[in-house]
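Student: Protein sequences, first through last, are from chains A and B. The numbering of the first sequence is my numbering, which starts it at 125 and goes up by one. The numbering of the second sequence is my numbering, which starts it at 133 and goes up by one.
Keep in mind that a hint or two might mislead.
Here are a few chain B residues that face chain A, going by a calculated C-beta distance under 8 Å [what the hints assert, rightly or not]: (1) TYR171; (2) GLY175; (3) LYS232.
Derived coverage of chain A by chain B (criterion: at least 3 residues anywhere in the stretch with Cβ under 8 Å from a Cβ of chain B; other residues may be distant) [said to hold, decoys possible]: (4) 167-176; (5) 211-221; (6) 231-240.
Source of the hints: derived by calculation from the structure; they are not laboratory data. Every residue, glycine too, gets a C-beta built ideally from N, C-alpha and C.
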Amino acid sequence: EAGVAQSPRYKIIEKRQSVAFWCNPISGHATLYWYQQILGQGPKLLIQFQNNGVVDDSQLPKDRFSAERLKGVDSTLKIQPAKLEDSAVYLCASSQAPEGRGGREQYFGPGTRLTVT
Amino acid sequence: GNSVTQMEGPVTLSEEAFLTINCTYTATGYPSLFWYVQYPGEGLQLLLKATKADDKGSNKGFEATYRKETTSFHLEKGSVQVSDSAVYFCALSPGYNFNKFYFGSGTKLNVKP
């Protein structure tokens, strides 16, 4: 089974430029997550999709970040304009839809390391 | 509410030493509990999980037991190797609320030869 795919793996941009990241989840996974991981910290959820609907975007800086998941499969995350503090690793993860009690494990992609100069 | 608290690192051990990384949680309902590992430059990988009280998750010599009475899910390994050097994250998912996850802040493990 193929894992979660992300591209690009690395990106360097100047502040005020725009950037986009792409994620293709594991086939059949209904839930897709975007996380921001700043060096030395745990993942911070930016947005969570269930199929192609947003179920949580409470921590997404909506003035500069946007995300979409067309057709409930792959997803893009965009930053426009970027700030220095956006330098981080952006992780995409997917999971099967929840079923009964407890949660389903998430599977993570390798991440995109963004450096804003 | 839901939250996870992990012991702060870094934890530095010699090869073949015994490892414990503490994790406690606060949750509503009946959460599933997870340990993820992140090797340098990589994404998070599921290490083990437990879905109900008294379950023991295990993988690659690591173990953790879901203790509802102490709300804990401590990670243990009897004999660590240099290759176990990584950051370990404890996480919970309450199951409802569309499978949202709550991660701890991570514990960095350094194993010296």
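Student: Against each hint, give a clear statement of whether it holds in the structure.
Tutor: Outcome of the hint check:
no., hint, result
1, TYR171, "violated (11 Å)"
2, GLY175, "holds (4 Å)"
3, LYS232, "holds (6 Å)"
4, 167-176, "holds (count 4)"
5, 211-221, "holds (count 4)"
6, 231-240, "holds (count 5)"
Violated hint: 1 only; the structure is consistent with all others.
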